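Residue numbers (the numbering used here), protein chains in the order written: chain A, 1150 to 1426; chain B, 1150 to 1426.
The hints are simulated quantities; they were obtained by calculation from the structure and are not laboratory data.
Every value quoted in this text rests on a predicted model; they were computed, and no experiment measured them.
Keep in mind that a hint or two might mislead.
Which copy is meant is left open, so a pair is good if it fits within one copy or across any two.
[Said to hold, decoys possible] Here are the simulated lysine to aspartate or glutamate pairs, EDC-like style, with alpha carbons at most 20 Å apart:
(1) Lys1334 / Glu1296
(2) Lys1364 / Asp1337
(3) Lys1194 / Glu1259
(4) Lys1334 / Asp1298
(5) Lys1324 / Asp1337
(6) Lys1422 / Asp1231
(7) Lys1334 / Glu1293
(8) Lys1421 / Asp1278
(9) Lys1194 / Glu1360
(10) Lys1155 / Glu1208
(11) Lys1155 / Asp1346
(12) Lys1160 / Asp1378
(13) Lys1334 / Asp1248
(14) Lys1324 / Glu1213
(15) Lys1324 / Asp1257
(16) Lys1246 / Asp1220
There are 2 protein chains.
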Amino acid sequence: MILDGKMVSSKIREDIKNEISSFSIKPKLVDIQIGHNEASDIYIKNKEKACLSVGIEFECVRFEESSNEEDIVRKIEELNNDKRINGILIQSPIPDKFDFKDLVNHIDPEKDVDGLTNINIGKLANNIDGMVSCTPFGIMKLLEYYEIDLTGKNVVIVGRSNLVGKPLFNLMLNKNATVTICHSKTVDLKLYTKNADILVVAVGSKHLIKEDMVKEGSVVIDVGINRVDGVLYGDVDFNSIYEHVSYITPVPGGVGPMTVAMLLYNTVKNYKKSNIF
Amino acid sequence: MILDGKMVSSKIREDIKNEISSFSIKPKLVDIQIGHNEASDIYIKNKEKACLSVGIEFECVRFEESSNEEDIVRKIEELNNDKRINGILIQSPIPDKFDFKDLVNHIDPEKDVDGLTNINIGKLANNIDGMVSCTPFGIMKLLEYYEIDLTGKNVVIVGRSNLVGKPLFNLMLNKNATVTICHSKTVDLKLYTKNADILVVAVGSKHLIKEDMVKEGSVVIDVGINRVDGVLYGDVDFNSIYEHVSYITPVPGGVGPMTVAMLLYNTVKNYKKSNIF
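Bound-form chain A, shown alone (with noise of 0.2 Å):
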C-alpha cells in the first residue's frame, strides 16, 4: 500500500489555506539564498508556489556568493525583528566560505521555521513544544494519517543528518519506537535494515536499499530524492519492493511533498503564536 504523501499533504493544505483565509493580515516566509544554485532555484520556486497557493506571502532575499557574513546577520536580525515576517529559513547548501550552523542560529528559534536552531533541536530531545524540521515532521504526520503505531516498533533510520535523521530519531523516541541510527560507517546495513519493522532512509544514493535488505510486510519511508538525467529516483528500489512491503513511500509524491507542507505548517504555527494574530 502507497503512503500518498501527495494526497495527504494536500489536504494539511486544504486545511491551512482555509484557516488562513479569515486571517486579516497574512502570514509571511522568507527564505534566505546565498550564492547560486540550480537546485536550489527550483526548490525555492517549489516553496514559493506552494506559500501563494495557500495564500502565505513568500519572499527570497538573495546574497552574492561575495556577501559579509555580517551583512546576512544583519539581514537575519532585521527579519527576527520584523513582525510581518513568521518564518525564516536559509536555503541549503550555501557556499563553503560560510558557516551554516553559525548562521541558522542567529535566526530567532519562533521563526526558524526549518527547526535547526540548537534551541529546537534542544526542545525536540527534551520533548517540548518548538519548531519541528519539516521532513521529519512530515514523515510523522504521513504515519499518524495511516494509523501506523510506533510503540515498541524496531525503527531503523539510514542517515544521520541534522535535517532528517537525527530529529526523526527524537520524534520516533518520543512515540516509544525502539530506534536506531546507521549511517556510512555502519558495518553490515543489511543486518539492521532486514529486521526493521519501519525502515527510513535518508542518503541520497539511489536505489540503496534492495529487496533482500527489507524484511516482509515492513513500512518503507524513503526520503531520498536522486536526479539521473532529469529523472527522480530514491534511495530504495520501490519495484522490486513494493511487493514485500505493507507501506511504501514513491517517489516522487512521498516524504517530498510532505516537507513543504510541514514549512506552511510551521509558518502558520508562528503566526498564530505572534500578536498580529
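Following the hints, put chain B in place on chain A, whose structure we already have.
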C-alpha cells in the same frame, strides 16, 4: 577486564587539581537543592567533597518545597550574573510542583555544567562545542582511556533519559557508532542487547541484564545505581557476566566517579572561558 572508573577519574581529578593550583581565584560551583531528599543529601555531600579536594569552591543553595518558582528563578539569574560562579546545577529530583525542565532552562548555558539546557542539548546534536552532561561525558572519557574505538560498532543504550541515554546517543553517533536506544516499551530487549558490541544500561533496575542477554566479548557499561538494604547494585548482574565480556564497569567504582570528575571538568572548562582566567 574492569573499566576502572575510580582509577581513571582520580587521574582526571589530579590533572584538574594541578591546573587549579595555578589559579589566583578559585572556580566555584553552586548546587541548588529544592525540598528535602536523603539520597540528594548524599550526592550533594559527595560533590562538595570532590570540589574541595581539587580546589573548587562549593556552595549549596537550599529552597524549601514551599518556595515560589519566581524566587528560584531570581536566584538562578543572580548566579548567572555573578562572575565568580562558574557552574550551576539543580539537584534532582525536585518536588512535583516545580517543572524541572523549565527551571533548568533559566541557567546560563555556559554555566550549565549538567548540560541540560535546550541549547546545550541542541549543540551536542549539532556537534558544536558546549556543556556535555557529566555521566555520558564520563562514559566517553572512560572508553577513550581504554582506547575502545566506537567506529562502526553496534552500540545499544538501554534507557532514554535526558541525563544519560539521549546525550550518550549523540556522543556515540558523533564517534561513528551505529546506535540504538531501547527503553521500557521495547519489545524483546534481549534481541537488541544480545547483538551489542557495546552495551550501556541506564534504567535503574537491579540486575536487569543477565548472562544470556550479552554478547560474548562485548563491552558492558553499567550506569545503574540501585540501593537495596544499604547495598549498591548495578543494572547489570556483574558476577554472571564478568567472564563473558571483554570489558565491564563495576558498581560502585565504574561510571559514578567518572560523573563527578566530569562535573569538576565542566566547571573548570567554563572558568577558563570566563574573564577571571
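Quick rundown of the hints versus the structure:
1. Lys1334 / Glu1296: The answer is between: 18 Å across copies meets 20 Å, while 33 Å in one copy does not.
2. Lys1364 / Asp1337: Both ways: Lys1364 and Asp1337 sit 15 Å apart in one copy and 17 Å across, limit 20 Å.
3. Lys1194 / Glu1259: neither (24 Å within a copy, 40 Å between copies)
4. Lys1334 / Asp1298: between (29 Å within a copy, 13 Å between copies)
5. Lys1324 / Asp1337: Between copies only: 17 Å across chains, 27 Å inside a chain, cut-off 20 Å.
6. Lys1422 / Asp1231: Classified as within; 14 Å inside a copy, 34 Å across copies.
7. Lys1334 / Glu1293: The answer is between: 19 Å across copies meets 20 Å, while 31 Å in one copy does not.
8. Lys1421 / Asp1278: Cα proximity of Lys1421 and Asp1278: one copy only (14 Å, versus 34 Å across).
9. Lys1194 / Glu1360: neither (35 Å within a copy, 58 Å between copies)
10. Lys1155 / Glu1208: Cα proximity of Lys1155 and Glu1208: none, with 24 Å in one copy and 58 Å across.
11. Lys1155 / Asp1346: For Lys1155 and Asp1346, the Cα distance exceeds 20 Å both inside one copy (23 Å) and across copies (41 Å).
12. Lys1160 / Asp1378: Classified as neither; 32 Å inside a copy, 59 Å across copies.
13. Lys1334 / Asp1248: neither (24 Å within a copy, 39 Å between copies)
14. Lys1324 / Glu1213: neither (42 Å within a copy, 35 Å between copies)
15. Lys1324 / Asp1257: neither (27 Å within a copy, 30 Å between copies)
16. Lys1246 / Asp1220: Result: close within a single copy only, 14 Å intra versus 46 Å inter.
The earlier numbered hints that this structure contradicts are 3, 9, 10, 11, 12, 13, 14, 15.
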